[in-house]
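S.K.: Sequence:
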Amino acid sequence: VKNAKENLQNIVKELKKIEYPFFDLPTQINPRKIAALDGGGFAEDFVGLTIIPSRAAGAIFEQNENPIWIEEDDVEILTLDDDPRNFGSLFRDLLEVNVALKLAEMKPDILFLDGSITNFAYKGIPHSLRFFLEDIDSIDEGSYIEKFFSLYQKFIQTAYKLITKCILDDIVLVGVSKDSRANILIKHLHKDSKKRPPINDVSLINIISKGKAGFTKPLKFAPKISPVRQKVWKAANVFQEDELQSFYLSYFVLKDGAQPIRVDSLLPQKNRLKEIQEAMVTYHDG
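Sequential numbering from 3 applies to the sequence shown in our numbering.
Treat the hints with caution; some may be incorrect.
To be verified - With a cut-off of at most 25 Å between alpha-carbon atoms, the simulated DSS-like pairs for lysine-lysine come out as follows:
{"hint": "1", "residue 1": "Lys219", "residue 2": "Lys257"}
{"hint": "2", "residue 1": "Lys219", "residue 2": "Lys15"}
{"hint": "3", "residue 1": "Lys125", "residue 2": "Lys196"}
{"hint": "4", "residue 1": "Lys272", "residue 2": "Lys125"}
{"hint": "5", "residue 1": "Lys18", "residue 2": "Lys149"}
{"hint": "6", "residue 1": "Lys125", "residue 2": "Lys18"}
{"hint": "7", "residue 1": "Lys236", "residue 2": "Lys222"}
{"hint": "8", "residue 1": "Lys196", "residue 2": "Lys19"}
{"hint": "9", "residue 1": "Lys222", "residue 2": "Lys193"}
The hints are simulated quantities; they were obtained by calculation from the structure and are not laboratory data. If you're wondering where the values come from, they're calculated on a predicted model, not measured in any experiment.
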């Protein structure tokens, strides 16, 4: 226990030496027409079946106007041969993207997503299915693999449609994660080191910020693209553009002592980063 405590103290001591730009929150705020959404669901197991009711809802918020709500819900029934956890997660994510697309049709200035934008292009593929997806043309018709792959394709195609629409219509797309466990920034800062501290970005920001409100310099990052993911993208004809395979990442501490929040944005919207910073202060509670 003593050695573990000493190791932790040494790690914190080293991390305090890191100099990474951390800026004060903007104070000049411009009211904007924004959209925000959230989703949810649960799984109920019965004999031989799993029922997954899911729902997504979002709204347009504008100064001196009543919110305009959009909702979508659906139910999926799976058998014992299916994978309720992974299929259910994908099913719920698709509902959220559908609602986000409907919100985008109403031309908000900014569209807030609940979670990382990277999930659109890099949604996890279960390890149990990766082998089968290495040869997409050989997937058996009517199998669970085909069922999952069909839903996965629909999800990434809808997500791609949302992203490209936001870029073309000049809608700022922002992903907000309040419980991020990512270590993207810590990896970046230690990319030339043989040993990386065993902590995540949120822990690092808590040290860098010294408990004060502010935000980090946006970091451009690109998740690793596996051969299977490349095949899935190509089959769905999505995310072939280099600029849509990378993102900007910032962390915001919206008030003194608050938990750092991860904020993702699109590379083609680099010139809108200032608006994102202002919007975070205006529309999130920290």
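S.K.: Next step is simple, just say for each hint if it's right about the structure.
M.R.: Consistency of the hints with the structure:
1. Between the alpha carbons of Lys219 and Lys257 the distance comes to roughly 17 Å, so the proposed pair stays at or under 25 Å and holds.
2. Using a Cα cut-off of 25 Å, the hinted pair Lys219 and Lys15 holds, with the two alpha carbons roughly 22 Å apart.
3. Distance check on the hinted pair: Lys125 and Lys196 sit about 29 Å apart at the alpha-carbon level, beyond 25 Å; violated.
4. In summary, the hint linking Lys272 to Lys125 is supported, as the alpha carbons are separated by about 23 Å, within the 25 Å threshold.
5. At most 25 Å may separate the alpha-carbon atoms for a hinted pair to count; Lys18 and Lys149 exceed this at roughly 49 Å.
6. Of the pairs offered as hints, the one joining Lys125 and Lys18 is violated, with about 34 Å between alpha carbons and a cut-off of 25 Å exceeded.
7. With a CA separation close to 24 Å, the supplied pair Lys236 and Lys222 stays within the 25 Å bound.
8. For the given pair, Lys196 sits about 18 Å from Lys19 by alpha-carbon distance, which is consistent with the 25 Å threshold.
9. Only pairs whose Cα atoms come within 25 Å are accepted, and Lys222 paired with Lys193 is accepted, the gap being roughly 14 Å.
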